[in-house]
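Trainee: The lines below spell out each chain.
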Amino acid sequence: MDLSNKTLAFLLVVAIVISLGGTIISLNRLNQLGFMGLTLYNTSGTTNFSLQSSVSIIFRTTLVNFGTGYVNANGTGCDITTNATTGWNTTGNCLGGLTNTSPFIIENNGNVNVSLGLNSSANASTFVTGSVPTPLFQWAVSNNETNSCYGTLSDQTWTNVNWSGGPKTVCTNLSFSDANDTIRLDIKVLIPEDATQGSTHTATIMAQGSY
Amino acid sequence: MENDISRNTIFVLVILTLLISILGTWTVLSQITSGPAPQQPPHVASQSGEVSFTLQAPPQPQTSSDKGVVGFIIKKP
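Protein chains in written order, with the numbering used here: chain A, 1 to 211; chain B, 1001 to 1077.
Treat each hint with caution, since some may be false.
Stated by the list, open to error - DEER-style ranges, computed between Cβ atoms:
1) A:Gly166 / B:Gln1056: 32 to 38 angstroms
2) A:Ser131 / B:Phe1072: 53 to 59 angstroms
3) B:Gly1024 / A:Ser177: 43 to 49 angstroms
4) A:Thr85 / B:Ser1064: 40 to 46 angstroms
5) B:Ser1030 / A:Tyr150: 27 to 33 angstroms
6) B:Ser1030 / A:Gly166: 39 to 45 angstroms
7) A:Ala73 / B:Ser1064: 33 to 39 angstroms
8) A:Thr172 / B:Gly1024: 18 to 24 angstroms
Said to hold, decoys possible - Which chain B residues face chain A? A few, computed with CB under 10 angstroms, are given here:
9) Phe1011
10) Val1028
11) Thr1033
12) Ala1045
13) Pro1059
14) Val1069
15) Ile1073
Derived from the structure by calculation, the hints contain no laboratory data. All C-beta atoms, glycine included, are put in the ideal place defined by N, C-alpha and C.
Based on the sequences and whatever the hints tell you, model everything.
Mentor: Now the structure itself:
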């Protein structure tokens, strides 16, 4: 079969048009799917990128351990805390190795401001136990770095840890800026003299960030 | 001209070019259409910390004893 040069030229042009058309359609589809580095009609050479939001909340300190000891029995219990400025062992009944310690530091490690919520696996009666005197399990929230929370900061005074629902919002807008992204969570416990002895008492605090 | 490639060979090559171009474009479009959507990062993150103390029984009072002897002798007058 002999073909004229015109026919061959026409087929080549068709091939070029289909190839170019397919390429342009592909690039347009990629552009619509977020591959922003591809620009078809801009000759300025601009490179674009899209940064996705990432939520990350971490405990810089994962364990608040008040130690091992016993309670002197005179009816007022043993008060221990992570906040030395408010005093600890004011009753003088914390004996042995029961001692104050450092608070939790919670950091917004992501790249977006978040609402911070707290929850606990136990309340005073299930965590501390005992009844003479009535046990306490409380927390207090404050800025660890200036203006880390520039929304509403709640529970700034000792508040009973007794939250049966979902996480309780304690900061409505926690910054992600490295210099201002940490919250201090102090813990206070009053141990009755009749609290369960011979065992380790443990409660888990969960911090949740969302936006 | 006798050693030159024949027109028929050129025609076959052109047809191959068309097929490759069409198939290539179709493959790219199929991959884009059926590929997974870009994964969105989670909008919620959480972590936990632990509060603990260990309570011992108060130590029992310890006692210690010993004995001494007090004696005297009464002599006859």
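Trainee: Could you run down the list of hints and mark each one as holding or not?
Mentor: So, going through the hints one by one against the coordinates:
1. For A:Gly166 paired with B:Gln1056, a C-beta distance near 36 angstroms keeps the hint of 32 to 38 angstroms intact.
2. In this structure the hint that A:Ser131 and B:Phe1072 lie 53 to 59 angstroms apart at CB holds, the actual value being about 58 angstroms.
3. Separation of B:Gly1024 from A:Ser177 is about 47 angstroms and conforms to the stated range, judged on CB atoms against 43 to 49 angstroms.
4. At roughly 43 angstroms, the beta carbons of A:Thr85 and B:Ser1064 sit within the given window of 40 to 46 angstroms.
5. For the hinted restraint 27 to 33 angstroms between B:Ser1030 and A:Tyr150, the CB-CB distance of approximately 49 angstroms leaves it violated.
6. Separation of B:Ser1030 from A:Gly166 is about 44 angstroms and conforms to the stated range, judged on CB atoms against 39 to 45 angstroms.
7. Distance hint check for A:Ala73 and B:Ser1064: the Cβ-Cβ separation is about 23 angstroms, which falls outside the suggested range of 33 to 39 angstroms.
8. Our hint of 18 to 24 angstroms for A:Thr172 and B:Gly1024 is violated, since their Cβ atoms are close to 53 angstroms apart.
9. For B:Phe1011, the suggested interface contact is upheld, since its CB lies about 6 angstroms from the closest CB of chain A, less than 10 angstroms.
10. Interface restraint check for B:Val1028: the shortest CB-CB distance to chain A comes to about 5 angstroms, inside 10 angstroms, so the restraint holds.
11. With a cut of 10 angstroms, the hint placing B:Thr1033 at the interface with chain A holds, because the nearest CB-to-CB distance is about 8 angstroms.
12. Against a cut-off of 10 angstroms between C-beta atoms, the interface hint on B:Ala1045 holds, since the closest Cβ of chain A lies about 4 angstroms away.
13. About 8 angstroms separates the beta-carbon of B:Pro1059 from the nearest beta-carbon of chain A, less than 10 angstroms, and the hint is met.
14. The interface hint given for B:Val1069 is broken, as the beta carbon of that residue sits about 39 angstroms from the closest beta carbon of chain A, more than 10 angstroms.
15. For the restraint placing B:Ile1073 at the interface with chain A, the shortest Cβ-Cβ distance is roughly 50 angstroms, beyond the 10 angstroms limit, so the hint is violated.
Hints 5, 7, 8, 14 and 15 from the earlier list are contradicted by this structure; the remaining hints agree with it.
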